[in-house]
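Novice: Each chain, written out:
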Amino acid sequence: MTTQAAAQPATPQQAGGGTGLDPAVRLDLYETMVLSRTYEEAILREYHADKGPGFDIGKGLIPGEMHLSAGQEPVAAGVCAHLTTDDAVTATHRPHHFAVAHGVDLRRMTAEIFGREDGLGRGRGGHMHLFDPDTHFSCSGIIAEGYPPALGQAFAFHRQGTDRIAVAVTGEGAANQGAFHESLNLAARWSLPVVFVVEDNDWGISVPRTASTSVASNADRAAAYGIPGERIEGNDVEGVYDAARRAVARARAGEGPSLIEVHTLRLWGHFEGDAQGYRLDLEDAPSHDPIPRYETRLREAGVLDDETVTRIRSAASERTEDAIAFAKNSPVPDPASATSYVFA
Amino acid sequence: MTITETPTTPTPHSRRLTTSKAIVEAIAFEMERDPSVFYLGEDVGSYGGIFGSTGGLLDRFGKDRVIDTPISETAFIGLGIGAAVEGMRPIVELMFADFMGVCLDQIYNHMAKIHFESGGNVKVPMVLTMAAGGGYSDGAQHSQCLWGTFAHLPGMKVVVPSSPADAKGLMTAAIRDDNPVVYLFHKGVMGLPWMAKNPRSNDAVPDGDYETPIGKANVVRSGSDVTVVTISLSVHHALDVAERLADDGIDVEVLDLRSLVPLDREAILASVAKTGRLVVVDEDYLSFGMSGEVVATIAEHDPTLLKRPAERVAVPDVPIPYAHALEYAVLPRQDRIEAAVRRVVAG
Ligand SMILES: Cc1ncc(C[n+]2csc(CCOP(=O)(O)OP(=O)(O)O)c2C)c(N)n1
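Residue numbers (the numbering used here), protein chains in the order written: chain B, 3 to 346; chain Z, 684 to 1030.
Looking at chain Z on its own, in the form it has when it is part of the complex (with noise of 0.2 Å):
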């Protein structure tokens, strides 16, 4: 875990593609490269996945590596386990992260666990992807984020990207990867073109073989007044405020951490060290969360970093509500971001 020196930003001649479409093309090209790696879910073979995860690849790799489950996730989700513990390379779909609790034995007892239960001796190379994430009034069973979830029960990574290059990338990673790896898709970051769009779900993507490493975070925008850590569509809405406040005079560096676990604290060290402030933004639910993690990272290396107290803007611990004005109240967007990020430069 060290700070992302790296520049991950594609080179100018990448074509542009939706996130999906960049997940889908990481997909085929690992499907290509290692016949051991097959995808397994509910829609994904002639639906092409609900959120377009899989288009295309029941086409090109057939029924035998792109395979429609029935609705029993406890099943498929333990099937992907047993399969990778015998040296294949499933990836998992569970359509949405809201349906963990179905499966949730499967994946925290099961999959995150058999390695260090094993003392090492037995890998679960496998990924679990899912889409999390609301703002289109699907109700509180089909709205939630849960990252943090995920993040708080030890043995899988979990990965949340925010833009078309690095789904790609990080894609590739977590198939390679030989732990669990959770990778969690935004709706609103994948491009879907029945959502609201999002100018940054299509963007650049590098061509062919691209691995973006996990656990490593990313200055999306620098700046030096104050540090917004995010991950995921929240990383969208904090460049937007970036770019209004700029006009301000309030020059914001945006992070985006692309990965819970393992969790950059370096990166967000260092950024904290720089700007002196901190705002976190996370769609997931505020308390026991990612936010607080961020803010402890700071706490415990050294409180004197922060000129001012940190802010966070997160999900009130409320379940996401169905109204639209309800829960656009409640969801960190743009104007609850710009107004912490106020807050916290004033002082």
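Chain B on its own, in the form it takes in the complex (with noise of 0.2 Å):
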């Protein structure tokens, strides 16, 4: 799993997959995965709602393109686990996991996908441009482009003096962009306080990472670069917990950036509208699906009853039913403030 020692090596008994975790934590776990999901299945449902007759990709309380992280969630919540709201995170076209973890607004998040007034960029970004000043988040439409952003945000922690630090989030395919490449190689230099992660669903929209990728791992690539990478399978979430609790700690007391890749799986298709004809893998992939999994094994370790899931669940419903809701009473934007905002 390891490609190279990070800076922190693992216990004996962390390395087995967190098996120590307290159970507080893997409840947290459990939880932010299925408040993600709750989301993005509500999103989903929202998304296709008025889409018809057919399909027509402008239409609907959600028009545009969208990405949804279904089967991601173990990296954000694995990830975001360590951070707090004075740390940055700079995600994806897939951004709502990473959002959602990092405790963006879900309100206001949900205002911005439905392009209304009271989103965090007033309507004018949408789903692959979230920008929220209060948790540091961020994404990006352009593959790979978030990450020489992160390092700045990274660098200005360090020059402020605070301990705080830059995640920045690319899929696997944008590990093939020069972005990526000139980040890792600048951070590492600089000794930035960052943690790269890398999100291998095995996809780059209809590109398989063997047919686009050099290497069978883009933890080896942190080693061109001089700084620890690690790979996570399984799409666990509680090995992504251990591995960013060293690459978050090692950032912190100032030690430099690592490389996380985690294996996870795409669930559902590259975008909605996306038919997927291309992918050999779906006929498996819901068994594969990291949240019943998890709820099972915390089940069988006893930190999870029936009672504990419902709760979980319908706090989840809850929280993204008010947040769809609010999102739908917040006003149109005004067309004539439609050149709004371009300078300060």
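It should be emphasised that the hints constitute simulated quantities derived from the structure, not laboratory data. Computed from a prediction, not measured in an experiment: that's the story for all the values here. Hints are not guaranteed to be accurate.
[Stated by the list, open to error] The list that follows gives simulated cross-link-like pairs (lysine to any residue, SDA-like), each with its CA atoms no further than 25 Å apart:
| id | chain 1 | residue 1 | chain 2 | residue 2 |
| --- | --- | --- | --- | --- |
| 1 | B | K330 | Z | A879 |
| 2 | Z | K880 | B | G62 |
| 3 | B | K61 | Z | R1019 |
Using the supplied hints, reconstruct the complex from the two chains, each of which is provided in its own coordinate frame.
Specialist: Encoded structure:
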């Protein structure tokens, strides 16, 4: 799993998949994943509610492209568990699970996705362009281009004398982009407090990792820049949690960046409307869904019971439906203001 | 660069194709004819291109000639340049024009300058295709046209078809051209199954070998009162407006530029000389772009051609907003075009 020794090696117990984790932490991880999934299921419902007849991408309460992160929740939950909202997270075009896990206000995020005035970007940004200064959250629709600004946030945090860090996320497809490599080098050379996270869901739209990437693991690429790199197999939230703990501690201690690659799962299409005719691994994908799997594991460990599951699920639904209602009740931006906010 | 008098409208017996199918037909024809033609880009293989620009090509020509790339635009566009320099004829797809930023150096410092820097001794016969345009709430990083940016940078031809027939003819010409050609297709003219249907995006397309010369504008609707100079999806909007205004006795001429580089200035001048009134419609940003260039053409040649000041309808120098109401407020759609035409004919 570990291709290069991390600065703080895992204890045998931790390396064993986090079985020694505090039950409260385990419940938190589960809860975050459930909230993210519940939220995205609701977005999915609203997105498709009014796209017809047929499928017109520009129609409906939520128009435009929609990239959902279902299946990748372990990555966000495991990483963000170590962050506070003082730390920065730069997500990708598939940002919701990280936004949820990092504590971005659900109401304002949803209003943005609905293109409403109360949204994070007053309806200007949309689902790929969520900017929340309160939690230092951002994302970008241009592949790998969220990495360089994350360096700058880390640079600022360091110069400001804090132990705050920046987390930069890409997909495995994006790790073939120049910005990825330039960022790793610069962060390593300047010892910036950054954690690079690669979500390897095996696919860059229709192109499999095996066809696009020269190495089996992007953790190997970290070695080329002299920083620790770990690959976590199994889409295991506790494995992510452990690796992230080490990487975050290293960054906070001023020891520089690390890279974590998580082998995860794109449960649904690249974007909504993607028929995935190219995809050969779909048949058994749902059985790899990390949420029911973790649930089973926690039940077996006696951390979860029916009652807790019900409570967590209904709380997630409540928060989600509240956010959706908030978004729907928020006004549509006034067309007369369409040219606002170009300059400060 | 001469005014197009040659009729390029397809013969009546032609079949109807969507613009994306017409593009694929041109590429397939050229790949059949010339083994040095190949296609390179993200999701162009089994997916068939996110905007349908390569549907079926992989099955027909195999993965040595229809090649999925990593998300590494600098590398694979540069690769296209190198292959072109050595005598191949690559067609390289950058999925969205908006992504030019990550690979612009290869485009404007290499692809576009090698011929010049070599004193004409090295040719770069490649086509760089990409999708442009908004109108479906894809936000500020996925809805830009940016053709004015390419056109501003010397050394590459810039082609932007509006109809299926032109899309085929211009693609054929682009592949055969010994220069780098940037070929932008607006998503709204492709006839995509998952977008609002534009009735003119499924139209007659000539069979077989069909070439439309690059640099010749097309009078898609002849009129006497006012000239609307435009390109791409805005041609369709302008035609809608022209049809509507015909009922009010306003006779609109619609000039489809088809390419920004070369720019058919003579066609612009001829049309404005006839109508005396000009509206330029551009889905790209207003300032420092196509609309300014067209107006400057008149101003430099003979400002007295205009009976009224020209009007420009473009994106008012704001990134494309996500929310539908905001996006429609900044795009040059029928309402804004009609208002501009009415203003210039009123005087
Ligand atoms: C520079 C750039 N090139 C291409 C794209 C189009 N695109 C969007 S997502 C994507 C695939 C990304 O794959 P990956 O990084 O693995 O992330 P995933 O979608 O799997 O989460 C591509 C090619 C883009 N947005 N930006």
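Novice: Quick check: which numbered hints come out false for this structure?
Specialist: Every hint satisfied by this model.
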